[in-house]
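**Student:** Going down the list, the protein sequences come from chains A and B. As numbered in numbering that gives the first Met the number 0, the first sequence has no gaps in its residue numbers, which increase by one up to the final residue, 248. As numbered in numbering that gives the first Met the number 0, the second sequence has no gaps in its residue numbers, which increase by one up to the final residue, 289.
Honestly, the hints are just simulated from the structure, not real lab data. Since this is a predicted model, take the numbers as computed values, not measurements. Don't be surprised by glycine CBs; every beta carbon is placed ideally from N, CA and C. Any given hint might turn out to be false.
Pairwise CB distance ranges, derived in the manner of DEER restraints [stated by the list, open to error]:
1) B/I245 <-> A/P41: 51 to 59 Å
2) A/G22 <-> B/V222: 23 to 31 Å
3) A/D178 <-> B/I91: 52 to 60 Å
4) B/F67 <-> A/P41: 42 to 50 Å
5) A/A133 <-> B/D100: 33 to 41 Å
6) B/A170 <-> A/A133: 35 to 43 Å
7) B/I91 <-> A/N152: 57 to 65 Å
8) A/A50 <-> B/L248: 51 to 59 Å
9) A/A133 <-> B/K230: 32 to 40 Å
10) B/G156 <-> A/D51: 44 to 52 Å
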Amino acid sequence: MTQLPPPSAKKLGLVIDLDTCVGCHACVISCKGWNTENYGAPLSDQDPYGADPSGTFLNRVHSFEVQPNEAPAQLIHFPKSCLHCEDAPCVTVCPTGASYKRVEDGIVLVNESDCIGCGLCAWACPYGARELDADAGVMKKCTLCVDRIYNENLPEEDRQPACVRTCPAGARHFGDLGDEDSDVSKLVAERGGFDLMPELGTKPVNKYLPPRPKDVATPCAPLETVAEDGHGFAAWLDRALSALPGGKS
Amino acid sequence: MHPAPSVIIFTTFSGLGFGLLFWLGLGVITPTGISAFIWFAIAYIFAVGGLLASTFHLGHPERALKAFSQWKTSWLSREGIASVVTLIVMAIYGAGLVFADTPYALLGWIGALGALATVFTTSMIYTQLKTVPRWHQPTTPLLFLLLSLGGGALLAGQVTLCVVLLIAAAAVQLFAWYTGDKRFTQSGTDMQTATGLGDIGTVRAFEPPHTGTNYLMREFIYVVGRKHAQKLQAIALVLGCIMPIILLLIPFSHIFAALAVLSHIAGVLTLRWLFFAQAEHVVGLYYGQR
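Looking at chain A on its own, in the form it has when it is part of the complex:
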């Protein structure tokens, strides 16, 4: 049923550090790779080598420019995937029961054999976390790599989502956000992790860590004016060029 289960004690999710992310898109690629080769329908591409390529991705990295009042602009890379919301609007709108939130760990999944591809869950999601695969005709979304994290055939260090495992900057963290003593919960508490669009009441499990305050750069003194004293070659050149028609005095 697409009724949401009572909040689970275990809330698996990601913590994404906007201070550390360098915008390399490695998480995008590893996500696409793992989820094309494993769970469910592959993430298809349309016209991949043509003039108008597009495709299904479960994780996309945006880049935002933030302009403070009195400081240089900052460029912030912003990975975005399913936030595995506690009050997930995508689950309750589903007419077939294909969309569901797991009781045991809170992961939001799609049972692809029940999905009719109506797209309503993608309409209900404020974060753009769901994409209808143009080839398979079913809704695709982040599974939190449910086929990795519990997979005992993989070495233990690989039992985390592909995006987390691959991030070269260590900007992505995976863990139980329902457990106050977990590393991810401590990180969120310490760094002031926040929710995206909290006003929509979706109660996302995934948290974002804000960029740390930047050092305040001492403003550089302007360069000294060349040949202000009126001596030497540069001063002569300045006078000579200024004397030409159109030159300033």
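Fit chain B to the given chain A structure using the hints.
**Tutor:** Chain B alone, transformed into the frame defined by chain A:
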């Protein structure tokens, strides 16, 4: 929001069909025999044709039966159930009129209630979405109901009812456009809440995730329609409400009545196109577009 033809056709024609079924069920007109057959055939062609059109935007229409299962939470599921129950009840009521020349009033009332419920649940599919502030307001179901009942009254040849309902629909539509333009800013969702970066400074979308387009941008960011929105609004109201009213109020002729119906359908199709094309989804914020 992308104005998909299948959904525009679906909401327009199923709205008209269920509107006509409402008045038939209520007993406002009780045709019998072959004439009843024609009335019901028109209503069913519109209602069922519209519902079938809606399946064209599904990725897997062959699994559509599964959509009847989640009525506890899903307005789409509720709509499916309401429509099928209404169509079955009204088929029995219609059979009574066609074959037995008898209106089974109780069945008709249940069917009329079902027709209302169907149009209401259709409208709630859109109204429930907090992600589309323009739709997330009480005018949406009110407008769907008024247009459906007004169009149904037009098809049923009920001049007074039709005129009153279409005037009401036009008034609610004008109000919905007026409030709708402000809904996005009033919703409180903006670049700052979307990114959480507002404490640092002004946030601007700098670089999209990919050079190409994607499903989200195709589905949720549709700016083409806004250029001529005001002209289209005027055209839609004239065709959908004003022309039919004028054509109904001049002395009756079958040609004018047919023109009134055609004009109304063209107007409602335009209204529905605008309903989608003007709607802005909050996910556009991440792309710096709405």
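**Student:** Take the hints in turn and mark each one as holding or not.
**Tutor:** Against the structure, the hints:
As the Cβ distance of B/I245 to A/P41 is approximately 57 Å, the hint placing it in 51 to 59 Å holds. A C-beta distance of roughly 27 Å is found between A/G22 and B/V222, which places it inside the suggested range of 23 to 31 Å. Hint check: A/D178 to B/I91, Cβ distance near 57 Å, so the stated range 52 to 60 Å holds. Checked against the hint of 42 to 50 Å, the pair B/F67 and A/P41 fails, with Cβ atoms roughly 30 Å apart.
The hinted window of 33 to 41 Å between A/A133 and B/D100 is violated, with their beta carbons roughly 53 Å apart. Checked against the hint of 35 to 43 Å, the C-beta distance between B/A170 and A/A133 comes to roughly 41 Å, which is consistent with it. Checked against the hint of 57 to 65 Å, the pair B/I91 and A/N152 passes, with Cβ atoms roughly 58 Å apart. Evaluation of the 51 to 59 Å hint for A/A50 and B/L248 yields a pass: the beta carbon distance comes to about 55 Å.
A hinted range of 32 to 40 Å holds for the C-beta pair A/A133 and B/K230, which are about 33 Å apart. At roughly 50 Å, the beta carbons of B/G156 and A/D51 sit within the given window of 44 to 52 Å.
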